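Engineer: Now for the letters of each chain:
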Amino acid sequence: MTATTTRPATANAVATRPAAVRRRPRLPFSPWHLLLAPLALVFAVPLVWLVLSSVMSNAEINRFPPALWPSGVDLGGYRYVLGNAMFPRWFVNSLIVSAVTVAANLVFGSLAGYAFARMRFAGSRVLMGLMLATMAVPFQLTMIPTFLVMKKLGLIDTLGALIVPSLVTPFAVFLLRQFFLSLPRELEEAAWIDGCSRLRVLWRIVLPLSRPALATVAVLTFLTTWNDLTWPLIAINHDTQYTLQLGLTTFQGQHHTQWAAVMAGNVITVLPVLLAFLGAQKTFIQSITSSGLKG
Amino acid sequence: MPRLPRPITVEGPPPDPRPLRRKRRRETGAAWAFVSPAVLIVLGLSIVPVVWSLLLSFQASDLVTPSRWVGLDNYRALAQDPNFSQAVRNTLLYTVLYVPLSLLFGLALAMVLNRRIRFVGLYRTLIFVPFVLSATAQGVLFSFILDPEFGAANSVLHRLGVSSQGFLSDPSQALLVLVAITLWSGTGFCVVVYLAALQDVPQSLIEAARLDGAGRRHLLRHVTMPTLTPVTVFLVLWQAIQSLQVFDLVYVTTKGGPLGSTTVIVYFIWEQAFKNATAGYGASAAYVLAVALGLVAGAVRIVRRRGRHRLEGARS
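Note that the protein sequences, when read in sequence, are chains S and G.
Just remember that our numbering sits 74 ahead of the position in the first sequence, which is counted from 1.
Just remember that our numbering sits 555 ahead of the position in the second sequence, which is counted from 1.
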């Protein structure tokens, strides 16, 4: 056995992997790279091109055939987008909408999820059933009346119209409820019997144990809110209230020939999501796969 | 009530039932306070709108002036509207192309990435990254790359001696190009889901099959595939629902054109409700879509249940 010769520290790490895989010697070069490398390139090239074209001059882009590689770094596109256009404003709008939506989903989702998981109260089953049922309702069915409700509330053309409908999603409630149910009851009950209020139990005991579930809710809420176009397109008319997605597509429509500026705006639009993803890749991928597999 | 832990040290007096009842009543109050924000939003902006939409679909409404009851006229008009039937055809074609291709590519890539080779993490990241981009960003990026005059795609084709293509401006190519863009961004999702599932295939099962003399093809057919079935069913359902609801990418790239060749159902709904001021008509189209989505989900569930029975039967 090879395991006996390894140091304890690594033996521990190895133990989680199947032994058969461990014994196979690592190839210096696998022929699979010949397939994988070009494929990965296909996925990467459009993104590389996005960055490259954002630092090209319009002259380089507008000749035929257009240049494939910039001759130098020209920040004219960024200067235009950050100076003349309203991208900074849209960026702040997107940030506000995403931050408030994520925070609200964490707070209200935890509260409701905890009540459904642990508290007995009249009507809990019916309410939970309704929550589950609404998860299957497609957005297209609710968007017209939601628009009318927002109009009644006077929120159309404000960031409020973008925030209020997604303050708490049934998905967040359900996911957190399922996670809370998987926690051992004993800790909470001891604190509760000692006279802790439910809110205190939730804040002090349950939430610190629920970081993975909270991270999943935060990641998925941020991703869908930041990336949404449909609802801002319906609820917002005035360009001071645009989000980045809405601003970018409108900007593209109005500046058809200034591709460098459009691509600079596009880089600014995707940068927060890309940075968040690269910084917390594991959380992102786990959130997306786990939520999918349980759904 | 939660089970009370038995006191260990001090035997107190027997619990008085009155404070308990009071505690329970207080508990109901607290619980309602906890769930009220969620209930308010979900009821007010989901349950009520579902009913409202249904009522709206029996009316002629422009969302501004008072609406008029027209009964089933909207649905009758939908059945005869050539634009709607074109939208349905486009959406179905898009779905029928995208769903199987994304699953096939996803599974194939996941199987390759499940091997122990170097840079697997890097490959996985590169393949998955496009998934986190918004449809808007993808649309704007590919409008540029595929621009007939200024785009890199035609520039490369030109250098290779191939004549310029219309891509998104060509009615016979536009929908296929949209499928390709979505494959670029959506395959990574199938890859990571399949990878997670492949890593869950019990190693003992594979070892046992190998001892029984199973070759690589047998392993794939009789061990790996059956354990992947639930994931595949989920992915079919998920991808189908996503592609039947495609909108953002269409709005950004083609606005339904050229010549209506990329008008999909949701684009049709949006156009009717918010551009043509025929909200009742749009609501009826939304109901048709919702029923279709429900049927897809129901069909997948039935298939899954049958599959489970068969598996259980085989095991016993």
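It should be emphasised that the hints constitute simulated quantities derived from the structure, not laboratory data.
Everything numeric in this text was worked out from a predicted model, so none of it was measured.
One thing to keep in mind: the hints can contain errors.
One-sided and incomplete, this derived list gives chain G residues near chain S with beta-carbon spacing under 10 Å [claimed, not checked]:
id : residue
1  : Ile-596
2  : Leu-598
3  : Leu-609
4  : Phe-613
5  : Ala-634
6  : Pro-637
7  : Leu-647
8  : Leu-648
9  : Val-651
10 : Leu-652
11 : Leu-656
12 : Arg-671
13 : Gly-694
14 : Asn-709
15 : Gln-800
With a straight-line Cα cutoff of 27 Å, these simulated DSSO-like cross-link-like pairs (lysine-lysine) come out [unchecked claim]:
id : chain 1 : residue 1 : chain 2 : residue 2
16 : S       : Lys-356   : G       : Lys-810
17 : S       : Lys-356   : G       : Lys-830
18 : G       : Lys-810   : G       : Lys-830
19 : S       : Lys-225   : G       : Lys-830
Think of the CB as a built atom: it goes at the ideal place given N, C-alpha and C, for glycine as much as any other residue.
Engineer: Decide, hint by hint, whether the structure agrees.
Structural biologist: The hints, checked one at a time:
no.: 1; hint: Ile-596; in the structure: holds (5 Å)
no.: 2; hint: Leu-598; in the structure: holds (7 Å)
no.: 3; hint: Leu-609; in the structure: holds (9 Å)
no.: 4; hint: Phe-613; in the structure: violated (13 Å)
no.: 5; hint: Ala-634; in the structure: violated (19 Å)
no.: 6; hint: Pro-637; in the structure: violated (21 Å)
no.: 7; hint: Leu-647; in the structure: violated (16 Å)
no.: 8; hint: Leu-648; in the structure: violated (19 Å)
no.: 9; hint: Val-651; in the structure: violated (19 Å)
no.: 10; hint: Leu-652; in the structure: violated (18 Å)
no.: 11; hint: Leu-656; in the structure: violated (14 Å)
no.: 12; hint: Arg-671; in the structure: holds (6 Å)
no.: 13; hint: Gly-694; in the structure: holds (7 Å)
no.: 14; hint: Asn-709; in the structure: holds (7 Å)
no.: 15; hint: Gln-800; in the structure: holds (6 Å)
no.: 16; hint: S/Lys-356 - G/Lys-810; in the structure: violated (36 Å)
no.: 17; hint: S/Lys-356 - G/Lys-830; in the structure: violated (42 Å)
no.: 18; hint: G/Lys-810 - G/Lys-830; in the structure: holds (12 Å)
no.: 19; hint: S/Lys-225 - G/Lys-830; in the structure: holds (16 Å)
Violated hints for the displayed structure, listed by number in ascending order: 4, 5, 6, 7, 8, 9, 10, 11, 16, 17.
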